[in-house]
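**Student:** Oh and the sequence shown: position 306 is 306 in full-length UniProt numbering, straight run, nothing missing.
These are computed hints drawn from the structure, not numbers from a lab.
Computed from a predicted model, the values in this text were never measured in an experiment.
Among the clues, some could well be false.
[To be verified] Keeping only pairs whose Cα atoms sit at most 35 Å apart, straight-line, the calculated DSBU-like set for lysine-lysine is: (1) Lys310 to Lys380; (2) Lys310 to Lys289; (3) Lys380 to Lys262; (4) Lys289 to Lys380; (5) Lys309 to Lys383; (6) Lys383 to Lys310; (7) Lys286 to Lys262; (8) Lys286 to Lys380; (9) Lys383 to Lys289; (10) Lys310 to Lys286; (11) Lys383 to Lys262; (12) Lys262 to Lys310; (13) Lys262 to Lys289; (14) Lys309 to Lys380; (15) Lys289 to Lys309; (16) Lys309 to Lys286; (17) Lys286 to Lys383; (18) Lys262 to Lys309.
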Amino acid sequence: MSSSLTYINPTATVGLMQTLSSALAVVSTATANAPLYTNSDYIRGATNSLNIISAQGILATATDAQSQAQATAIIESAILDLAALSFDENLYNEWLTLWPNVVFAVVFGILLTIHVLLTLLSGYWYFGAVLLIGSGLTFAGYLSRCISVGNESDENPFLSQFITLTISPAFVMAGLYYMLGRMLVFHGDHFSIMRPRWFSYIFISCDILSIVIQAIGGGVAAGALSEKQSTLTGTHTMVAGIAFQVVSMSFFIFVLAEFVIKSLFHNTNQVPFSLSNLFALLFNTKRGKELREFLEPNYVPNYLEVRQKKLFPYVTLSLFAGTAFIYIRCIYRLVELSQGWSGFLIRHQAFLMSLDALQVAFTCGLMIIFHPYFSWGTRKLVKLSDRLVNNIELEKIITRDLENGFVDDDEDQSVCGSAINVQMDNSIFNNRVESDQDKNFA
1 MSSSLTYINP
11 TATVGLMQTL
21 SSALAVVSTA
31 TANAPLYTNS
41 DYIRGATNSL
51 NIISAQGILA
61 TATDAQSQAQ
71 ATAIIESAIL
81 DLAALSFDEN
91 LYNEWLTLWP
101 NVVFAVVFGI
111 LLTIHVLLTL
121 LSGYWYFGAV
131 LLIGSGLTFA
141 GYLSRCISVG
151 NESDENPFLS
161 QFITLTISPA
171 FVMAGLYYML
181 GRMLVFHGDH
191 FSIMRPRWFS
201 YIFISCDILS
211 IVIQAIGGGV
221 AAGALSEKQS
231 TLTGTHTMVA
241 GIAFQVVSMS
251 FFIFVLAEFV
261 IKSLFHNTNQ
271 VPFSLSNLFA
281 LLFNTKRGKE
291 LREFLEPNYV
301 PNYLEVRQKK
311 LFPYVTLSLF
321 AGTAFIYIRC
331 IYRLVELSQG
341 WSGFLIRHQA
351 FLMSLDALQV
361 AFTCGLMIIF
371 HPYFSWGTRK
381 LVKLSDRLVN
391 NIELEKIITR
401 DLENGFVDDD
411 EDQSVCGSAI
421 NVQMDNSIFN
431 NRVESDQDKN
441 FA
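Let's have the full structure, built from the sequences with the hints guiding it.
**Tutor:** Right under this line is the structure:
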């Protein structure tokens with residue numbers, strides 16, 4: 001075998017000797033893991049490089065076959081050890097492929113841009129913010145992986161991609177929580193065991209707690225990695241954060257399913273429960289549209305304009321699909337981290353692309369197609385509907401108090417004023433809705 005397998009310029013000998021001498025001096029006195037590991041690698045690399053230079057000299061002058069064979073064997077052994085050294089420093093435990101990371105960096109860059117534009121256009125600030133953060137973090141994660149290609153030993157992009165890709169789905173799920181909370185308002189809060197405002201208190205709090213746990217775990221793992229210490233504590237903390245997220249998502253799926261059953265099959269005399277009816281209603285088939293006409297009187301009447309939007313009947317289905325995608329991703333991450341940093345899943349990026357990147361991309365894409373602006377109408381229309389419903393509730397309270405004699409004479413004027421305001425708001429709402437229809441906001 002020829003020495004053309006590799007070649008090191010002999011002029012590098014002086015520098016390699018200095019590196020070897022310096023590393024040996026550090027190792028002889030170091031007590032911390034980081035300098036021991038780092039300088040041990042320096043010694044290993046410099047020794048193999050010097051062996052190659054020495055063997056190159058033998059090959060250049062030797063004439064007998066035995067000497068040439070021995071020199072070639074030395075070079076081959078050194079090459080293999082240098083390759084092993086390079087892979088030992090690979091934080092991903094595999095050599096990354098550029099094109100899939102570029103593809104998903106571009107995909108999430110496009111999704112991020114669209115969510116920015118939709119947020120500015122629609123005014124759905126909370127929904128837009130959480131989807132912006134979710135898609136933005138994922139974009140940053142795959143951009144970091146692109147930077148890591150060919151430089152897999154660099155800790156900064158490695159930690160960047162790991163932390164951002166781990167916590168980003170929690171923000172995407174916050175958008176789904178918001179969507180279900182509003183769907184409950186549009187139908188009637190009696191269709192769920194949870195009131196709409198509880199969604200913010202419970203699910204978003206769970207998301208925040210999950211993110212905090214995962215961030216703490218990521219920070220601990222990052223510190224341990226920098227010091228060449230065990231990352232088990234940080235990894236286990238991140239696993240706990242993801243497991244907590246899976247539990248909260250499981251409860252969300254239960255609440256979503258309960259809402260669907262109660263809102264669609266509240267009165268079995270109108271629409272009896274069956275899989276065929278469920279399919280027809282979720283996919284809004286011709287029969288599903290007919291069934292919805294029977295169901296409409298069960299819902300809050302003043303959100304009729306919102307419920308008449310073309311995409312509205314499909315929103316529930318999109319929530320099921322989006323939740324399923326993120327759920328698959330979280331289960332994958334849970335198993336991946338449980339296997340450790342050298343496990344089978346984490347060493348094969350095909351699993352990351354199919355069970356993580358693709359699932360999050362599908363969900364972010366669904367939240368563009370079924371964005372509140374397209375599914376419910378303009379923010380102005382929704383706010384007008386909210387105001388009208390609130391006024392009607394106020395009118396009911398006033399009427400009840402009047403009937404029960406709870407209103408004093410001194411309050412008569414304010415009561416009359418409230419009733420007049422309700423009537424005026426109703427008129428304003430109807431006029432503005434007609435104006436919205438004329439402008440094709442639907």
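**Student:** Now tell me if each hint is right for this structure.
**Tutor:** Now the hints, each set against the structure:
{"no.": "1", "hint": "Lys310 to Lys380", "verdict": "18 Å, holds"}
{"no.": "2", "hint": "Lys310 to Lys289", "verdict": "11 Å, holds"}
{"no.": "3", "hint": "Lys380 to Lys262", "verdict": "29 Å, holds"}
{"no.": "4", "hint": "Lys289 to Lys380", "verdict": "27 Å, holds"}
{"no.": "5", "hint": "Lys309 to Lys383", "verdict": "16 Å, holds"}
{"no.": "6", "hint": "Lys383 to Lys310", "verdict": "19 Å, holds"}
{"no.": "7", "hint": "Lys286 to Lys262", "verdict": "21 Å, holds"}
{"no.": "8", "hint": "Lys286 to Lys380", "verdict": "30 Å, holds"}
{"no.": "9", "hint": "Lys383 to Lys289", "verdict": "26 Å, holds"}
{"no.": "10", "hint": "Lys310 to Lys286", "verdict": "13 Å, holds"}
{"no.": "11", "hint": "Lys383 to Lys262", "verdict": "25 Å, holds"}
{"no.": "12", "hint": "Lys262 to Lys310", "verdict": "22 Å, holds"}
{"no.": "13", "hint": "Lys262 to Lys289", "verdict": "18 Å, holds"}
{"no.": "14", "hint": "Lys309 to Lys380", "verdict": "15 Å, holds"}
{"no.": "15", "hint": "Lys289 to Lys309", "verdict": "13 Å, holds"}
{"no.": "16", "hint": "Lys309 to Lys286", "verdict": "16 Å, holds"}
{"no.": "17", "hint": "Lys286 to Lys383", "verdict": "31 Å, holds"}
{"no.": "18", "hint": "Lys262 to Lys309", "verdict": "21 Å, holds"}
Checked against the numbered hints above, the structure breaks none of them.
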